[in-house]
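Asks: Quick note, the sequences are listed as chains A and B, same order.
Residue numbering for the first sequence follows this note's numbering, beginning at 1 and increasing consecutively.
Residue numbering for the second sequence follows this note's numbering, beginning at 327 and increasing consecutively.
Source of the hints: derived by calculation from the structure; they are not laboratory data.
All of these numbers come straight from a predicted model, not from anything done at the bench.
All C-beta atoms, glycine included, are put in the ideal place defined by N, C-alpha and C.
Be careful, since some hints might not be right.
What the hints assert, rightly or not - Partner residues are not named here, just some residues of chain B that face chain A (Cβ under 10 Å, in silico):
(1) Arg370
(2) Pro493
(3) Glu500
(4) Gly505
Claimed, not checked - Far from chain A by the CB rule (all over 10 Å, computed), these chain B residues:
(5) Glu341
(6) Ala419
(7) Thr435
(8) Gly437
(9) Gln468
(10) Gly499
(11) Thr502
(12) Tyr503
(13) Gln557
(14) Leu560
(15) Gln562
(16) Ile614
(17) Gln621
Stated by the list, open to error - Subject to a maximum C-alpha distance of 25 Å in a straight line, what follows is the list of computed SDA-like cross-link-like pairs (lysine to any residue):
(18) A:Lys74 <-> B:Pro418
(19) A:Lys74 <-> A:Gln13
(20) A:Lys74 <-> B:Asp369
(21) B:Lys603 <-> B:Phe544
(22) A:Lys242 <-> B:Lys428
(23) A:Lys74 <-> B:Arg491
(24) A:Lys184 <-> A:Lys198
(25) A:Lys184 <-> B:Pro418
(26) A:Lys105 <-> B:Gly505
(27) A:Lys127 <-> A:Lys105
(28) A:Lys188 <-> B:Thr498
(29) B:Lys472 <-> B:Asp355
(30) A:Lys74 <-> B:Ala419
(31) A:Lys74 <-> B:Lys634
(32) A:Lys74 <-> A:Phe7
(33) A:Lys198 <-> B:Thr498
(34) B:Lys603 <-> B:Ile614
(35) B:Lys634 <-> B:Asp369
(36) B:Lys472 <-> B:Gly543
(37) A:Lys188 <-> A:Gln257
(38) B:Lys604 <-> B:Gly589
(39) A:Lys184 <-> A:Asp208
(40) A:Lys188 <-> B:Ile513
Residues per chain are reported as follows:
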Amino acid sequence: MKNTILFTSRHFQLEHLADGVYAAIHNLRSEDGWAGCNAGIIDLGDRTLIFDSFESPEAASDLRDAAENLTGRKVHTVINSHPHNDHFWGNQAFTADVDIISTTKTQELIATEGPADAQYYRDTTQKRLDDHKAQFANAHDEATRGHLRLLIFYDQALIAILPGLQIRPPNITFIGDLYFNGPKRSAKLITFEGGHSKSDAILHLPDDGIVFMADILFIDIHPYFPDGSPEVIQHILAEVRKMQAKTFVPGHGPIGQASHLNWMDEYIGTLNSLVRDAIHRGATELEIDKIAIPREYEHLIMPTFFPANLKFLYQRQITSGAGLVI
Amino acid sequence: MSNANSFNSRHFRLEQLSDGVYAAINADDGWAISNAGIIDLGDRTMVYDAFMSPAAASDLREAAERLTGRLVHSLVNSHYHNDHIWGNQVFPAETDIISSVKTRELIITEGTKEIQECRQVSQERLSTLETQFSNASDEATQNLLKLHITYFQAINTTMPILQVRLPNITFTGEMTYGGSRRSARLITYEGGHCGSDTILYLPDDGIVYMEDLLFSGFHPYLAEGDPYEIQRILSQVRKLQANTFVPGHGPVGDATQLDWMDGYINCLNSLAGEVVKKGGIETELDSIDLPGEYQHLTFPNIFRDNLKLLYRRQLDKGG
Chain A
1 MKNTILFTSR HFQLEHLADG VYAAIHNLRS EDGWAGCNAG IIDLGDRTLI
51 FDSFESPEAA SDLRDAAENL TGRKVHTVIN SHPHNDHFWG NQAFTADVDI
101 ISTTKTQELI ATEGPADAQY YRDTTQKRLD DHKAQFANAH DEATRGHLRL
151 LIFYDQALIA ILPGLQIRPP NITFIGDLYF NGPKRSAKLI TFEGGHSKSD
201 AILHLPDDGI VFMADILFID IHPYFPDGSP EVIQHILAEV RKMQAKTFVP
251 GHGPIGQASH LNWMDEYIGT LNSLVRDAIH RGATELEIDK IAIPREYEHL
301 IMPTFFPANL KFLYQRQITS GAGLVI
Chain B
327 MSNANSFNSR HFRLEQLSDG VYAAINADDG WAISNAGIID LGDRTMVYDA
377 FMSPAAASDL REAAERLTGR LVHSLVNSHY HNDHIWGNQV FPAETDIISS
427 VKTRELIITE GTKEIQECRQ VSQERLSTLE TQFSNASDEA TQNLLKLHIT
477 YFQAINTTMP ILQVRLPNIT FTGEMTYGGS RRSARLITYE GGHCGSDTIL
527 YLPDDGIVYM EDLLFSGFHP YLAEGDPYEI QRILSQVRKL QANTFVPGHG
577 PVGDATQLDW MDGYINCLNS LAGEVVKKGG IETELDSIDL PGEYQHLTFP
627 NIFRDNLKLL YRRQLDKGG
């Protein structure tokens, strides 16, 4: 079932990782497409698995069609890696007989906070769009304008998605790890708490040396820390290295390899030392905001995550009142 | 849809525990050998355990389909023993078979040995039992032999057609199926009845399917696991505050059945302890009389195995 052009969607680009394993990559710089994150299609041999359902039912419908075309059968199970809306708002595109699986914690957060979170976006996105448009009109440098264009596109996508959105929480949950044993391959869902979010599940395909990392790994984009703990992410990265896989699909950005785990680790280390040095100098929170993005990270998109990450590390540092662990 | 009374199988008796929740209780002369459960989650149908023989499991599958009006979505294998999993093969390929990671491993390792042993001995065992039956004069002996004969008949009819179907979804901790009508929670323990035991708890109904962590009317089989661990598990299960408990073997009970199981272990533990205390050797266990309260239990030969296990455990612990 290999095709040169696997499937065409405005929302994502499909990449063939192994026979029966595909990554659906959201183009970070595209001002089109409502995928919002990356996803995976895994053919277990007798069942078809989807890892994450994107940010919109529209993109998820294409993902569902791609999975059905590529594997020749209906999707059996959709995994929600963690409780952030860009990874589960597509759930409703799958029919009621498709199982949606997540950790118990992720399901609880989707069921309890999901509706209020969607309401927040319904209430605030128009205003944010107006603000971003106003900023864009006043922005002169190309970098800022490029960033704002992406934000404006994102706001517009939300405005289009939200009216039809229905929160569908997973119907099957687990604590610990969950394995799918198919005739063609096995897939291991392994969970961690408090890394990127309150609960993160990654999907390891041991027969193929592939790991779908969800937001434990970012590539070409600033990672986002404020809902978790960078130290836990570093611990998870160390655990993932032991799997000795070769291909790593990040939650956002292009497909990576083992060196990208190191890159992620180093990004955390760099930001931690920037904050530590600033605290040594007696810097206030406002001064933290002014720390320039190091040159090696200038090409990353979502530069607004950088000060947010620094502020998060700073506040955590101040409240703990101790020197940084790292 | 139909009700539990309208379904007849020679292998089991269906008992409705709640609207959409059924226990399939092994019939003495049938080839189910263990109990099972049918749970209507509202949008999906779950079956708990698959019996010893595909013949009995076919009836279970049909009962589940008729009672809930849909195909079985998930079949749980509580533990690796053949009387709970050999029926797996009759369920459609699209039915998910769920177990703990450890149970799947044990089906592959210990289960394979179990099959080899059955191939070697079960035909001969059946012939011996049939001879014993024709020579037996009293009814009690005959009845007991009949149970053993049925057990080996179930094995022997299964052997030629057996295809072990392994669980396709496995988990290390807990799993919960949230249905439109009720949720079903799978909880795993290690080393109680065997290497891995998974119970099914229905919190909305106060029902727990206990598999072989609970027996009623039978001598519990303790010799493969750890009776003290079973006692710890029973105290965990009590905290669920359920009202109805489906044992792996025997009729459905209430919370007092947990106490009974606990008391059985305590009783045998002190009987074995007396021998240990006076420095007695293992063969002295053979002279211990079966206590009056346990006279009515099926499979009295298991009593000796259980005593022996508890004797050895106490010696290991240093008395």
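Asks: Indicate, hint by hint, whether the structure satisfies it.
Replies: Hints and how they fare:
For Arg370 (chain B), the interface hint holds, the least distance from its beta-carbon to any beta-carbon of chain A being 8 Å, beneath 10 Å. Satisfaction of the interface hint for Pro493 (chain B) is found here, the shortest Cβ-Cβ separation to chain A being roughly 7 Å, below the 10 Å cut-off. A cut of 10 Å between beta carbons decides the hint on Glu500 (chain B): the least distance to chain A is about 4 Å, and the hint holds. Hint status for Gly505 (chain B) relative to chain A: holds, with the closest Cβ pair at about 7 Å, below 10 Å.
The claim that Glu341 (chain B) lies off the interface holds: its Cβ sits roughly 27 Å from the closest Cβ of chain A, which is beyond the 10 Å cut-off. With 10 Å as the threshold on Cβ separation, the claim that Ala419 (chain B) sits away from chain A is violated: the shortest Cβ distance comes to roughly 7 Å. For Thr435 (chain B), the non-interface assignment is confirmed: its Cβ lies about 15 Å from the closest Cβ of chain A, beyond the 10 Å cut-off. Distance check on Gly437 (chain B): its Cβ is at least 15 Å (rounded) from any Cβ of chain A, clearing the 10 Å threshold; non-interface status holds.
The Cβ of Gln468 (chain B) sits about 45 Å from the closest Cβ of chain A, beyond the 10 Å cut-off, so the non-interface label holds. The non-interface label for Gly499 (chain B) is inconsistent with chain A: the shortest C-beta to C-beta separation is roughly 3 Å, within 10 Å. Once the 10 Å rule is applied to beta carbons, Thr502 (chain B) is inconsistent with being away from chain A; the minimum gap is 5 Å. Some Cβ of chain A comes within 10 Å of the Cβ of Tyr503 (chain B); the nearest lies about 6 Å off, and the non-interface call is violated.
The non-interface label for Gln557 (chain B) is consistent with chain A: the shortest C-beta to C-beta separation is roughly 24 Å, beyond 10 Å. The Cβ of Leu560 (chain B) sits about 21 Å from the closest Cβ of chain A, beyond the 10 Å cut-off, so the non-interface label holds. Gln562 (chain B), annotated as away from the interface, keeps every beta carbon of chain A farther than 10 Å; the closest lies near 15 Å. Distance check on Ile614 (chain B): its Cβ is at least 42 Å (rounded) from any Cβ of chain A, clearing the 10 Å threshold; non-interface status holds.
Against chain A, the non-interface label of Gln621 (chain B) holds: every CB pair exceeds 10 Å, the least being about 43 Å. For the hint pairing Lys74 (chain A) with Pro418 (chain B), the CA-to-CA distance comes to about 16 Å; that is within 25 Å, so the pair holds. In summary, the hint linking Lys74 (chain A) to Gln13 (chain A) is supported, as the alpha carbons are separated by about 20 Å, within the 25 Å threshold. Among the hinted pairs, Lys74 (chain A) with Asp369 (chain B) is consistent with the structure: their alpha-carbon atoms are about 18 Å apart, no more than 25 Å.
A hinted pair counts as satisfied when its Cα atoms are at most 25 Å apart, and Lys603 (chain B) with Phe544 (chain B) does not qualify at roughly 28 Å. Proposed proximity of Lys242 (chain A) and Lys428 (chain B) is supported: the alpha carbons are some 22 Å apart, at most 25 Å. Taking the CA atoms of Lys74 (chain A) and Arg491 (chain B), the gap is near 22 Å; set against the 25 Å cutoff, the hint holds. This hinted pair does not check out: Lys184 (chain A) and Lys198 (chain A) have alpha carbons roughly 32 Å apart, beyond 25 Å.
Between Lys184 (chain A) and Pro418 (chain B) the CA atoms are separated by roughly 19 Å; this keeps the pair inside 25 Å, and the hint holds. Taken as a hint, the Lys105 (chain A) and Gly505 (chain B) pair is honoured in the structure, with Cα atoms around 17 Å apart against an allowance of 25 Å. Taking the CA atoms of Lys127 (chain A) and Lys105 (chain A), the gap is about 32 Å. The hint is violated against a cut of 25 Å. For the hint linking Lys188 (chain A) to Thr498 (chain B), the alpha-carbon distance of about 11 Å falls within 25 Å, and the restraint holds.
With a C-alpha separation of about 8 Å, the suggested pair Lys472 (chain B) and Asp355 (chain B) falls inside the 25 Å cut-off, and the hint holds. At most 25 Å may separate the alpha-carbon atoms for a hinted pair to count; Lys74 (chain A) and Ala419 (chain B) meet this at roughly 14 Å. For the hint linking Lys74 (chain A) to Lys634 (chain B), the alpha-carbon distance of about 54 Å lies beyond 25 Å, and the restraint is violated. A distance of roughly 16 Å separates the Cα atoms of Lys74 (chain A) and Phe7 (chain A); the hinted pair therefore holds under the 25 Å criterion.
Distance check on the hinted pair: Lys198 (chain A) and Thr498 (chain B) sit about 20 Å apart at the alpha-carbon level, within 25 Å; holds. Note on Lys603 (chain B) and Ile614 (chain B): the hinted pairing holds, with a Cα-Cα distance of about 14 Å set against a maximum of 25 Å. Simply put, Lys634 (chain B) and Asp369 (chain B) have alpha-carbon atoms about 48 Å apart, too far for the 25 Å limit, and the pair is violated. Restraint check for Lys472 (chain B) and Gly543 (chain B): the C-alpha separation of about 16 Å stays at or below 25 Å, so the hint holds.
With a CA separation close to 19 Å, the supplied pair Lys188 (chain A) and Gln257 (chain A) stays within the 25 Å bound. Note on Lys604 (chain B) and Gly589 (chain B): the hinted pairing holds, with a Cα-Cα distance of about 23 Å set against a maximum of 25 Å. Note on Lys184 (chain A) and Asp208 (chain A): the hinted pairing holds, with a Cα-Cα distance of about 11 Å set against a maximum of 25 Å. For a cut-off of 25 Å, the pair hint linking Lys188 (chain A) to Ile513 (chain B) stands: about 19 Å separates their Cα positions.
Checked against the numbered hints given earlier, this structure breaks hints 6, 10, 11, 12, 21, 24, 27, 31 and 35; the rest are met.
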